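2 protein chains.
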Amino acid sequence: MRLSESETSFMEYVKKMEAFNEALQLIYWDLRTGAPKKGVKQRSQVVGVLSNEYFQMSISEEMAAFIAKLYGRKQELPELVQKTLEECKRVYDQNKKIPPKEYKEYVILQTEAESVWEEAREKSDFSMFKPYLEQLVHFNKKFIEYWGYRGNKYNTLLDLYEPGVTVETIDKEFETLKEVIIPLIKNIQESENQPETDFLYQSFSKEKQKEFSLKILGQMGYDFEAGRLDETVHPFATGLNPGDVRITTRYDDCDWRMAIFGIIHEGGHALYEQNISEELIGTPLCTGTSMGIHESQSLFYENILARDRSFWEYNFEVLQKYAGRQLDHISIDEFYHAINKAEPSLIRIESDNLTYPLHIIIRYEIEKGLFNNEISINDLPEIWNNKYEQYLGIRPKNDAEGVLQDVHWAAGSFGYFPSYLLGYMYAAQIKNTMVKAIPEYDGLLKTGNLEPIKQWLSKHIYRYGKTKKPLELIKAITGEGLSAKYLTDYLVKKYTALYEL
Amino acid sequence: MRLSESETSFMEYVKKMEAFNEALQLIYWDLRTGAPKKGVKQRSQVVGVLSNEYFQMSISEEMAAFIAKLYGRKQELPELVQKTLEECKRVYDQNKKIPPKEYKEYVILQTEAESVWEEAREKSDFSMFKPYLEQLVHFNKKFIEYWGYRGNKYNTLLDLYEPGVTVETIDKEFETLKEVIIPLIKNIQESENQPETDFLYQSFSKEKQKEFSLKILGQMGYDFEAGRLDETVHPFATGLNPGDVRITTRYDDCDWRMAIFGIIHEGGHALYEQNISEELIGTPLCTGTSMGIHESQSLFYENILARDRSFWEYNFEVLQKYAGRQLDHISIDEFYHAINKAEPSLIRIESDNLTYPLHIIIRYEIEKGLFNNEISINDLPEIWNNKYEQYLGIRPKNDAEGVLQDVHWAAGSFGYFPSYLLGYMYAAQIKNTMVKAIPEYDGLLKTGNLEPIKQWLSKHIYRYGKTKKPLELIKAITGEGLSAKYLTDYLVKKYTALYEL
Chain A
1 MRLSESETSF MEYVKKMEAF NEALQLIYWD LRTGAPKKGV KQRSQVVGVL
51 SNEYFQMSIS EEMAAFIAKL YGRKQELPEL VQKTLEECKR VYDQNKKIPP
101 KEYKEYVILQ TEAESVWEEA REKSDFSMFK PYLEQLVHFN KKFIEYWGYR
151 GNKYNTLLDL YEPGVTVETI DKEFETLKEV IIPLIKNIQE SENQPETDFL
201 YQSFSKEKQK EFSLKILGQM GYDFEAGRLD ETVHPFATGL NPGDVRITTR
251 YDDCDWRMAI FGIIHEGGHA LYEQNISEEL IGTPLCTGTS MGIHESQSLF
301 YENILARDRS FWEYNFEVLQ KYAGRQLDHI SIDEFYHAIN KAEPSLIRIE
351 SDNLTYPLHI IIRYEIEKGL FNNEISINDL PEIWNNKYEQ YLGIRPKNDA
401 EGVLQDVHWA AGSFGYFPSY LLGYMYAAQI KNTMVKAIPE YDGLLKTGNL
451 EPIKQWLSKH IYRYGKTKKP LELIKAITGE GLSAKYLTDY LVKKYTALYE
501 L
Chain B
1 MRLSESETSF MEYVKKMEAF NEALQLIYWD LRTGAPKKGV KQRSQVVGVL
51 SNEYFQMSIS EEMAAFIAKL YGRKQELPEL VQKTLEECKR VYDQNKKIPP
101 KEYKEYVILQ TEAESVWEEA REKSDFSMFK PYLEQLVHFN KKFIEYWGYR
151 GNKYNTLLDL YEPGVTVETI DKEFETLKEV IIPLIKNIQE SENQPETDFL
201 YQSFSKEKQK EFSLKILGQM GYDFEAGRLD ETVHPFATGL NPGDVRITTR
251 YDDCDWRMAI FGIIHEGGHA LYEQNISEEL IGTPLCTGTS MGIHESQSLF
301 YENILARDRS FWEYNFEVLQ KYAGRQLDHI SIDEFYHAIN KAEPSLIRIE
351 SDNLTYPLHI IIRYEIEKGL FNNEISINDL PEIWNNKYEQ YLGIRPKNDA
401 EGVLQDVHWA AGSFGYFPSY LLGYMYAAQI KNTMVKAIPE YDGLLKTGNL
451 EPIKQWLSKH IYRYGKTKKP LELIKAITGE GLSAKYLTDY LVKKYTALYE
501 L
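So the sequences go chain by chain: A and B. Position 449, counted from 1, in the first sequence is what the numbering used here calls 449; the numbers after and before it change by one each time, with no gaps. Position 167, counted from 1, in the second sequence is what the numbering used here calls 167; the numbers after and before it change by one each time, with no gaps.
FYI, nobody ran anything at the bench for these hints, they're computed from the structure. Keep in mind the model is a prediction, meaning the values are calculated, not measured. Some hints could be false.
Heads up, the list lumps identical chains together, so a pair's fine if it works in one copy or across two of them.
In silico DSS-like cross-links for lysine-lysine, where the CA-CA straight-line distance does not exceed 30 Å [claimed, not checked]:
1. Lys37 to Lys210
2. Lys468 to Lys41
3. Lys41 to Lys397
4. Lys208 to Lys38
5. Lys321 to Lys208
6. Lys101 to Lys41
7. Lys37 to Lys468
8. Lys206 to Lys446
9. Lys41 to Lys89
10. Lys454 to Lys37
11. Lys15 to Lys468
12. Lys38 to Lys468
13. Lys37 to Lys208
14. Lys215 to Lys37
15. Lys41 to Lys15
16. Lys459 to Lys37
17. Lys15 to Lys96
18. Lys130 to Lys153
19. Lys38 to Lys215
20. Lys446 to Lys493
21. Lys215 to Lys41
22. Lys101 to Lys15
23. Lys15 to Lys38
24. Lys38 to Lys459
Take the sequences, apply the hints, and build the full model.
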């Protein structure tokens with residue numbers, strides 16, 4: 001389709017913005033994978049210039065003029081232009097509504113808060129971090145007023161990460177999860193059928209871990225000509241463009257699960273970014289549609305697929321070879337149970353596949369309370385600890401293993417946490433549809449043939465990038481709205497069998 | 001010193017340009033050290049956007065206004081502002097004088113020419129490349145008219161790489177070199193004292209080569225917190241900022257000299273960039289002052305320091321350890337002679353320290369002839385081959401080992417070649433002064449204590465970045481102008497002793 005002159009200039013303008021963005025993403029990748037530390041100070045200047053350029057372009061008079069000219073007749077625009085315009089308008093409104101002075105103050109606050117949080121966590125002293133958290137919440141409350149809200153004020157924050165998902169939906173689904181998971185954990189704890197896990201913590205060389213991980217990435221269909229694997233401290237995946245989607249990991253010599261499941265997790269994110277339709281390149285639509293849908297892909301591969309017994313029927317022998325002799329005397333059933341062990345613990349990022357949802361629900365309930373003035377920041381450590389005791393049966397002994405454990409709030413990322421659990425629910429729900437469409441799903445895992453799974457996900461999710469909203473995707477794939485039922489069914493079935501409940 | 005408002009905005013403007021430049025340099029580094037190939041197409045778009053932004057800023061009306069406002073009273077400006085302004089004006093004039101349409105055509109021609117050259121070289125067929133070379137020369141002749149010239153037209157091209165150095169100077173010094181080197185090579189060829197070199201070509205694992213190279217880089221004073229070492233196909237060093245100066249290399253399992261001398265070469269470039277004064281960061285002065293001075297540092301370390309017997313008195317035993325057993329039966333004298341072997345050959349980048357200057361002189365004479373209409377492109381292969389026969393006593397059998405061997409002309413880089421040899425001359429001349437200032441020079445090499453040498457070079461060269469012109473630096477250091485005498489003295493003394501002439 002031929003574009004009009006103003007459509008073409010709009011798309012050119014957006015392409016330039018995306019070029020700045022891609023350069024920024026490469027700089028971030030580099031900073032986290034081995035950039036020399038003495039160059040960081042000046043590199044930060046470069047980041048400042050490029051991100052300011054990008055930001056200014058998003059709220060410029062030129063952008064305003066494009067919106068004014070095109071938005072009124074958006075129905076007539078070619079779909080790609082229309083969706084791009086909608087996304088640009090969303091960002092324009094979001095950025096433009098905050099007074100520049102306040103935004104600047106907020107950015108400075110974020111940086112300070114992160115470094116104070118780090119020290120506070122080290123000293124396990126919430127009182128140090130408290131004044132910063134108060135300011136961060138205060139700013140976000142003002143932003144909510146600037147941005148406006150429908151229903152619950154917290155909806156506006158949710159919308160930043162998971163557009164269309166509201167407190168109403170989350171309350172209902174999270175309640176279902178609690179009702180099922182809390183008693184399930186209790187039953188498991190009382191079961192006599194506890195797995196042996198010592199063999200998971202034996203020495204396994206980094207090189208061998210890497211070789212095995214690369215094999216699994218290959219099975220998953222990760223395209224090595226469109227990506228690379230590097231080391232970092234806090235692993236991540238980054239899609240610079242669909243032809244360049246990089247993943248990173250951290251190796252622990254005495255716990256291979258960190259790198260291997262970590263790589264599978266980032267690999268899930270990467271498959272999404274690698275398989276976005278080429279025509280979206282150079283537009284803001286060329287990325288995953290939301291944090292939750294993105295997480296659904298990493299969690300599908302990490303938690304569901306790679307912790308499935310069938311997956312290990314094919315891969316356990318291979319793992320044994322790479323691991324040296326340490327797994328030789330272990331049966332696949334012992335192994336399968338060990339990697340699916342569930343046990344209440346205090347630290348979210350170290351928790352297992354069954355208790356994880358409760359960690360998220362606690363954070364969600366606290367955030368919602370904060371933004372609806374039902375919780376005072378003074379009471380946070382106490383409320384946090386009480387909830388851990390109530391839901392997981394264990395109580396943090398200090399702030400470091402309690403309210404101070406996550407960086408998210410220090411970064412001002414309120415509304416982000418629910419995405420993790422939305423992702424897990426989406427993953428179970430999508431998988432439920434997938435196995436109907438691919439009845440040989442189990443057989444594919446057992447033969448290491450994961451390609452049809454990636455193809456199916458590409459067809460139904462990946463290729464669309466950001467052109468479909470999360471709930472629109474879920475509806476199109478599964479024929480219904482978000483439902484916790486699939487995750488609870490999955491967890492109940494799996495853990496009942498594992499622990500012989 | 002406090003800057004006026006317009007001085008401050010000018011320096012801010014320049015800082016922004018340099019930020020774009022640093023981002024570009026990082027992208028180039030990434031493209032050459034492992035960027036996934038499928039992402040390259042889109043990355044080229046990003047390069048296009050950023051480099052166009054940078055280019056447009058260099059010739060913008062804003063830049064013109066800064067120059068108009070500040071240049072008239074440049075004597076009153078603080079030195080840093082003044083030098084920055086001069087550099088910006090130089091670039092402004094250079095870029096502004098070429099009509100945009102012609103420049104665009106030229107950029108496209110360069111890209112095409114490089115890919116045609118590659119194929120032509122593979123097929124050893126100059127006629128394929130000839131029409132492109134004709135166009136490239138034609139464009140550059142027009143540019144010379146746009147830019148203007150003093151004396152010889154070729155001076156304008158020399159000035160792009162080695163400001164202030166003219167045909168007059170080069171003709172004189174290169175003549176001296178020919179007069180000494182050509183007969184010296186003949187004498188060497190007739191000498192009975194030829195070195196054994198078989199032991200240089202035995203297997204030496206990449207990992208061990210790397211470990212040894214890192215040791216040498218450490219001795220040189222390369223700051224590993226301000227740089228890193230990666231692999232690439234065509235090795236290079238890149239200074240993103242003084243805190244981030246990266247070097248790259250290529251390993252040949254059966255010829256360790258490629259990586260080790262290569263790393264020392266790039267290390268020399270890197271020391272320069274790492275030790276530029278911090279106050280120059282964020283200005284166009286924060287880089288080496290010219291191609292020739294830069295090359296003087298890489299060649300000083302690679303050819304002069306690291307091929308000195310004293311250097312190996314300290315390092316040969318270490319090398320033996322890393323090399324396994326293959327060098328155990330070799331004496332330091334046999335080794336020293338082997339790594340300094342001289343013998344006429346056809347390919348510049350594989351040539352030795354003594355014959356190398358003649359390769360450059362041949363290219364210089366041809367370029368000068370081309371731009372003074374004394375040589376026709378039709379005759380190039382013949383002229384090239386005749387010169388090789390005349391100066392080196394050997395004749396290329398085809399275009400691939402003759403006129404097509406270098407990428408420079410395909411890239412439109414006329415006037416670049418002489419920098420290599422200017423660098424070699426500078427290196428010998430600077431070293432002559434250095435050993436007077438550091439009489440214990442030999443002793444330092446013998447004890448692996450190279451730090452004082454780096455300090456001296458930092459003090460006299462590195463810290464100035466681009467604030468001093470090449471000949472100004474040479475004059476300040478050595479008290480005189482460029483002279484080939486120091487290189488000829490060095491070569492005669494060294495090779496006479498080596499070959500017992």
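Hint numbers contradicted by this structure = 3
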